[in-house]
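Participant: As given, the protein sequences belong to chains B and X, one line each in that order. Each number in this note's numbering corresponds to the 1-based position in the first sequence with 2 added. Each number in this note's numbering corresponds to the 1-based position in the second sequence with 70 added.
Among these hints, one or two may not hold up.
[What the hints assert, rightly or not] With a straight-line cut-off of 25 Å between C-alpha atoms, the simulated SDA-like cross-links for lysine to any residue are:
| no. | chain 1 | residue 1 | chain 2 | residue 2 |
| --- | --- | --- | --- | --- |
| 1 | B | K95 | X | N109 |
| 2 | B | K195 | X | M136 |
| 3 | B | K18 | B | E73 |
| 4 | B | K195 | X | Y204 |
Simulated from the structure, these hints should not be mistaken for laboratory data.
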Amino acid sequence: MNTLSKNWRFRDKVQKYFSVGCITVRNNFAYLRSFFIRSWFLLVILFIFVQLWRITYQGEGSQVIAGYTYEQMIWYLIFAESIILSSPRLPIKIEEEVKKGDVGYQLTRPMSYLLYHYFSYMGEAYVRLSVNIVLGSSLGLALFGWPHLGFGLLGFLLVSIGSFTVNYLMTMILSLCSFWVEETRGLVFVYNKILFIIGGLMLPLEIFPRYLQTISHWLPFQTVAYFAANAGVHFEWITIGKRLLIQLTWIFFLSFLLRIIYQKGVRKLHVNGG
Amino acid sequence: MSTVAKYTRFALACWKLNLAGAMEFRLSFFMTAGMMILNNAVWIFFWQIYFHRFHLVNGWQVSDVMMLWAVTSGGFGLANSFFGNADNIGNIIVTGQLDTYLAQPKPVLLHVLISRMSVSALGDLIFALLVFGYFGEHTWLGVIKFTVALLLSMLIFVFFSVCVQSLAFYVGNVEGLIGQELIVTFALYPTDIFRGMTKVFLFTVLPAGFISYMPLGLLRQIQPLFFGAALGVTTLLVFGGTALFYHGLKRYGSGNMTGMRM
Numbered sequence: 003m004n005t006l007s008k009n010w011r012f013r014d015k016v017q018k019y020f021s022v023g024c025i026t027v028r029n030n031f032a033y034l035r036s037f038f039i040r041s042w043f044l045l046v047i048l049f050i051f052v053q054l055w056r057i058t059y060q061g062e063g064s065q066v067i068a069g070y071t072y073e074q075m076i077w078y079l080i081f082a083e084s085i086i087l088s089s090p091r092l093p094i095k096i097e098e099e100v101k102k103g104d105v106g107y108q109l110t111r112p113m114s115y116l117l118y119h120y121f122s123y124m125g126e127a128y129v130r131l132s133v134n135i136v137l138g139s140s141l142g143l144a145l146f147g148w149p150h151l152g153f154g155l156l157g158f159l160l161v162s163i164g165s166f167t168v169n170y171l172m173t174m175i176l177s178l179c180s181f182w183v184e185e186t187r188g189l190v191f192v193y194n195k196i197l198f199i200i201g202g203l204m205l206p207l208e209i210f211p212r213y214l215q216t217i218s219h220w221l222p223f224q225t226v227a228y229f230a231a232n233a234g235v236h237f238e239w240i241t242i243g244k245r246l247l248i249q250l251t252w253i254f255f256l257s258f259l260l261r262i263i264y265q266k267g268v269r270k271l272h273v274n275g276g
Numbered sequence: 071m072s073t074v075a076k077y078t079r080f081a082l083a084c085w086k087l088n089l090a091g092a093m094e095f096r097l098s099f100f101m102t103a104g105m106m107i108l109n110n111a112v113w114i115f116f117w118q119i120y121f122h123r124f125h126l127v128n129g130w131q132v133s134d135v136m137m138l139w140a141v142t143s144g145g146f147g148l149a150n151s152f153f154g155n156a157d158n159i160g161n162i163i164v165t166g167q168l169d170t171y172l173a174q175p176k177p178v179l180l181h182v183l184i185s186r187m188s189v190s191a192l193g194d195l196i197f198a199l200l201v202f203g204y205f206g207e208h209t210w211l212g213v214i215k216f217t218v219a220l221l222l223s224m225l226i227f228v229f230f231s232v233c234v235q236s237l238a239f240y241v242g243n244v245e246g247l248i249g250q251e252l253i254v255t256f257a258l259y260p261t262d263i264f265r266g267m268t269k270v271f272l273f274t275v276l277p278a279g280f281i282s283y284m285p286l287g288l289l290r291q292i293q294p295l296f297f298g299a300a301l302g303v304t305t306l307l308v309f310g311g312t313a314l315f316y317h318g319l320k321r322y323g324s325g326n327m328t329g330m331r332m
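Chain B with its partners taken away, still in its complex shape:
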């Protein structure tokens, strides 16, 4: 009986957070047209990179560079840009909640503040990702026709769960600094730039010099864009399995760190009512 009631309670909890995600998805569907219009910039950036890599492959006189063909390189960029541009603006939301005191209402709700924001984040991320993938893929299809990526899309979607989770954890750790400092924009900005450089957004890590590749392998940033984009163009079950394991390790470590920061922050919090 005891085990049965424990199972029910667990099932109810999962259903509760899953509902948060579903409500976020439904809310964001109301802004689908706006997402499509705002994502035109993705097409401009991809168009420019298509030209740059076309010249690069021509200049090298080689069909393959660092293990990527021209087609694979473009699809890599489509997947990497899609992941990064799909990430919701969590720091702005958290900063506003703390500044306005709305965080007080959130903390009194019968659900974990961190898990609530996680499921909300994932809901919004996947709505945006579907828009970005459709737009990016339209460019890819127009250039190369149907892609020969095998199960690449499946690999990309599988790894993207870990990518968004790691990105959520790192962004949330920085956002919770608003319990101590008023503005976290500077910290988040620096994080995003590090993600661009050694996260594999602009160039696959295989093109980096050896020493930079080694540094990137020991940091969590590669798990956000590079892992997912690489899984999309170089689908291999064993490699994907290894990468999912690395993501899981970072998720455990970052969750532990986030929990500590959250508990310290909440104890420090003063909410003034009116």
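Given chain B, work out where chain X should sit, using these hints.
Facilitator: What follows is chain X alone, placed relative to chain B:
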């Protein structure tokens, strides 16, 4: 005092007040400018990695791309530091804020352009000078050519915006129409990676090509044809933009909004 000297004094006074206003919140000022420098530095890092692996891009070397970044970010920085309202003219027109400027005894276009300063653009300008300091040609001729390149790109940014935003006099809201952001996006990549209709587009409708080709066409070696064309296009944009603005101003109907210039 001559008219030019009077307008120069007026512009200097405006810029001084804009800078004083921006520096009122010191930490915010330095953070904003600093973040822009860091943002641009990421791209320098990208190109260093790229050229570490691939030594040439259709005749462009790493020093040319660094100068490309210096000219584009410097021109953009100058445009938005000293003429920060260029991309905002359309909004000023449709919301009736132009009335405030019409009531003042100063040239309307000049007054509108100089009455706003973008703090992040100062970061772009500082970044441009740092890049030139590290990668540029440090001779008198090199400095003169770089200064000319900056001035030309600044004028292209400002008066392209004036042309586009002045369409608000005729069609109303021009928010979302092509602006400086699109020029900057294309101007930050070597021109020779583009071909066909794209290249034609970048030297006609969207004059980003005149900015991005400056490292090869002016800084490395003065190519008379390119330099002449760049001067011609800049002159056309300056006079054309000014004419379009003042022609549109004759159609402008004042609103009931009360505003203030402080």
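Participant: Which of the listed hints are not met by the structure?
Facilitator: 3
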